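Engineer: Each chain is listed here by its residues.
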Amino acid sequence: MLKLKSPHEVKELQLCLEASETTRPCISVCAGSGCCASGAENVLQALRRELEKRGLQGTIDVKSTGCHGFCEKGPVMIVWPEKVFYNGVSQSDAKDIVNSVTNGHKPVEKLLYKDPNTGQRVLHEHDVPFYARQQRILFGNNGKIDPKDIRDYIKVGGYSALGKVLTDFSREQVVEAVKCSGLRGRGGAGFPTGMKWEALRRSTVRPRYIVCNADEGDPGAFMDRSLLEGNPHSVIEGLIIGAYALEAEQAYVYVRAEYPLAVEHLHAAIEQARTAGLLGENILGSGMDFRIHLVQGAGAFVCGEETALLASIEGRVGEPHPRPPYPVQKGLWGKPTVINNVKTWASVPVIINKGADWYASIGTERSKGTMVFSLVGKINNTGLVEVPMGVTLREMIYEIGGGIPKEKKLKAIQIGGPSGGCIPASMIDLPIDYEALTQAGSMMGSGGMVVMDEDTCMVDVARYFMEFLEEESCGKCFPCREGTQRLKEILNRISRGKGEESDLDLLDDAGWMIKETSLCGLGQTAPNPVLSTLRYFRDEYLTHIREKRCPAKVCRELIVYQIDETICDGCHACVRVCASDAVLGEKDKAHSIDSGKCIKCGACLEVCQPKAVLVH
Amino acid sequence: MPHVEMEKVEPLLEQYEPQRINLIPILQDVQETYRYLPQEVLRRISQKLRVPLTEVYQVATFYRCFSLVPRGKHVIQVCLGTACHVRGAPRVLDRILLDLKMAGPGTTNDLQFTVETVRCIGCCGLAPVARVDNKNTHPHLTQAKVGGLLKKYQDKAEASRTAKPDEASHAEA
Ligand SMILES: Cc1cc2nc3c(=O)[nH]c(=O)nc-3n(C[C@H](O)[C@H](O)[C@H](O)COP(=O)(O)O)c2cc1C
Ligand code: SF4
Ligand code: SF4
Ligand code: SF4
Ligand code: FES
Ligand code: FES
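Top to bottom, those sequences are chains A and B.
Counted from 1, the first sequence has number 404 at position 404 by my numbering; the numbering is strictly sequential.
Counted from 1, the second sequence has number 90 at position 90 by my numbering; the numbering is strictly sequential.
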């Protein structure tokens with residue numbers, strides 16, 4: 001690839017790439033980590049083999065793209081130019097897919113998405129209900145471009161915002177645009193990005209650093225993974241524009257180690273950008289020098305917290321320190337540092353290209369733009385959802401998410417990861433923005449959204465998060481270290497049926513104490529899952545305490561497994577899976593469970609076809 | 001404790017400037033090479049970077065990725081993130097432990113398997129998931145699938161042992 005020497009050359013390259021675009025059919029297969037887990041690599045190989053076998057390599061292209069956010073239905077692919085969307089593809093479908101392309105694009109019916117409500121097949125991705133209401137300004141290119149080829153990004157207009165900035169914008173104008181757009185940090189707290197940048201610009205200390213937080217600690221959220229894997233250049237472009245505006249010469253991207261593919265793609269993208277003259281010295285002939293370093297996390301949730309993250313980059317133990325001083329005052333090696341989330345950086349080129357006013361016209365009064373949610377749990381359509389701020393929970397769950405599986409009842413929605421809280425089903429018409437969520441006792445956080453149905457036990461959920469936080473507390477300050485442990489113990493007690501009513505007040509008091517006296521955001525928000533479930537689901541706690549019963553039948557100490565002898569047909573399937581030899585019975589005769597031996601693992605329930613295994 | 005091949009350390013260290021900022025990347029590299037952080041190697045790193053050994057240990061024990069004891073040939077990471085949790089991950093974990101006759105996460109006596117828990121590997125749409133050897137992700141796990149999963153790696157391990165007895169221990173590192 002040639003070296004680009006000016007913004008003008010970027011533009012020319014784009015036009016040239018656009019013009020050379022053929023009408024040749026292209027099968028673009030998602031090769032994100034979700035689809036790869038479902039066998040996307042085998043599908044790609046099978047397609048290539050099939051084309052080779054039939055001598056069609058020059059006639060039909062195959063390429064791999066990034067995550068579409070609908071990993072659950074993977075592997076997914078799009079066949080261009082008709083834009084036919086296939087899901088649940090396997091390698092044995094390669095022949096049919098190639099045939100369909102050669103036979104005048106008659107789609108392969110069985111691979112089209114089937115709307116579970118209408119039973120109808122859907123031809124295009126944007127007509128699938130999961131996508132229909134989305135506005136994918138950050139994720140739109142994910143399914144289109146090959147993340148490992150910078151030319152693909154440039155072809156769809158990539159690096160044009162950078163060109164625009166270098167030719168038409170003063171540094172102040174960039175900051176002003178970000179400020180006017182109303183963009184708020186997507187990493188959790190929602191701090192206005194423009195204000196943060198302005199604060200940095202007030203400092204006279206040099207050098208300055210910028211940092212991209214890609215630690216994505218919220219377990220159950222994967223948008224940063226998806227974006228880095230699928231469109232790494234959008235983040236890089238955001239960083240270069242930021243570096244220009246903030247006069248920083250170096251950036252660090254801190255990616256969690258659990259995302260090997262994201263690391264690989266980002267690494268490759270940085271290299272390509274450097275070769276193309278978009279990173280390094282004298283970027284696009286502007287005289288600007290800028291380098292991006294990639295740092296891998298080492299598995300500590302608290303390192304997502306900005307001060308801990310900076311310590312970790314410096315090679316230290318990732319313990320937070322009190323703020324102020326804020327990173328914009330004293331960050332990396334004591335120098336002014338702006339740290340923003342992956343999506344925050346990726347929003348910058350969009351704002352430059354489409355204009356701050358356009359961006360500010362999306363969303364609500366105080367929450368602008370789109371927000372990306374990771375919709376998971378007990379929901380029909382699991383995946384990444386990018387919607388304008390202010391969409392209601394009802395729209396999220398029932399229109400985009402397609403409702404709750406198996407006709408179960410919605411119980412609650414946990415938003416914001418371990419720092420967030422549970423919102424009860426009764427508040428389903430709540431519009432989602434920063435303020436509304438905080439008021440409801442939850443928070444936007446990173447956008448994790450876990451849907452819970454009647455089979456989810458809220459005490460167990462609170463216990464789960466407390467366990468997580470207790471494990472991840474860095475232990476530097478007393479209230480968080482001891483407090484999370486105490487809360488966990490109390491919740492464990494309740495879930496074993498050994499709780500007392502006074503425990504609820506204890507949870508409440510200790511929770512508020514931890515919130516108010518902890519040093520960093522981890523401790524300050526740690527009690528949220530407990531406090532919010534207490535607020536909305538006190539009854540469930542009381543049932544565990546008074547009746548020693550888990551209404552959702554989750555808490556192990558409070559349930560027993562039994563076999564209904566009138567239903568059991570003696571198929572023996574449960575005997576084969578029971579690892580503790582707790583199922584008794586001869587083949588073809590009714591079986592029973594020895595409750596003394598049963599460890600309540602649920603394996604028998606999973607395999608019993610006639611549904612003879614009951615939980616009480 | 002297995003014999004530590006110290007000759008691998010120097011070439012590895014040479015790739016880095018001897019600065020504190022490289023401590024974590026070096027530890028990550030060492031962990032990948034040896035599958036754990038051998039004591040002797042930590043000592044050498046401390047010398048080379050001129051970071052006190054206690055601080056090297058502090059860092060090595062703080063981060064979850066690092067292990068101070070040898071890990072098994074295959075590392076099974078069972079995701080206990082929220083999405084996996086609500087879809088039954090704890091039962092899958094229990095089943096894996098039960099089948100490997102382990103009381104809790106850790107390494108089997110024959111050093112074949114290390115079972116670890118992680119909090120999300122970003123495949124939440126396929127929950128519950130487990131990842132083996134940092135590359136093979138197994139989606140939509142159930143208790144019933146655990147047996148097959150373990151067997152897949154057990155077989156490979158057996159096969160490579162019988163095929164090339166000397167190289168087996170590094171073959172899959
Ligand atoms: C315990 C804890 C974990 C956090 N984890 C993350 C994370 O994984 N990713 C992230 O972008 N921000 C995370 N944050 C927020 C960061 O501290 C910081 O506010 C953010 O990176 C700033 O970027 P933004 O303004 O673009 O949101 C976390 C905060 C806390 C207290
Ligand atoms: S609040 Fe918790 S995580 Fe934060 S510094 Fe204190 S102990 Fe560490
Ligand atoms: S729940 Fe598990 S231990 Fe109990 S009978 Fe069923 S399979 Fe056996
Ligand atoms: S699997 Fe169900 S039907 Fe078959 S023996 Fe067990 S309880 Fe009876
Ligand atoms: S990885 Fe393919 S849709 Fe997410
Ligand atoms: S919660 Fe298990 S992969 Fe995300």
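Quick caveat, the hints were computed from the structure, so don't treat them as lab data.
Values in this document were obtained by computation on a predicted structure and should not be read as measured data.
Ideal placement from N, C-alpha and C gives every residue a C-beta, glycine not left out.
A portion of the hints provided could be inaccurate.
Straight-line distance between alpha carbons at most 25 Å, and here's what the computed BS3-like set of lysine-lysine pairs gives [said to hold, decoys possible]:
# : chain 1 : residue 1 : chain 2 : residue 2
1 : B       : LYS48     : A       : LYS406
2 : A       : LYS11     : A       : LYS106
3 : A       : LYS553    : B       : LYS145
4 : B       : LYS135    : A       : LYS611
5 : A       : LYS148    : B       : LYS151
6 : A       : LYS600    : B       : LYS151
7 : A       : LYS63     : B       : LYS101
Pulled from the structure, derived: some chain A residues nowhere near chain B, Cβ distances all over 10 Å [to be verified]:
#  : residue
8  : ARG24
9  : GLU72
10 : ARG121
11 : ASP146
12 : ARG225
13 : GLY318
14 : GLY377
15 : THR382
16 : VAL450
17 : GLU606
Engineer: Which numbered conditions among the earlier hints are violated in the structure presented, ordered from lowest to highest?
Structural biologist: 1, 2, 4, 5, 7, 9, 12, 13, 14, 15, 16 and 17
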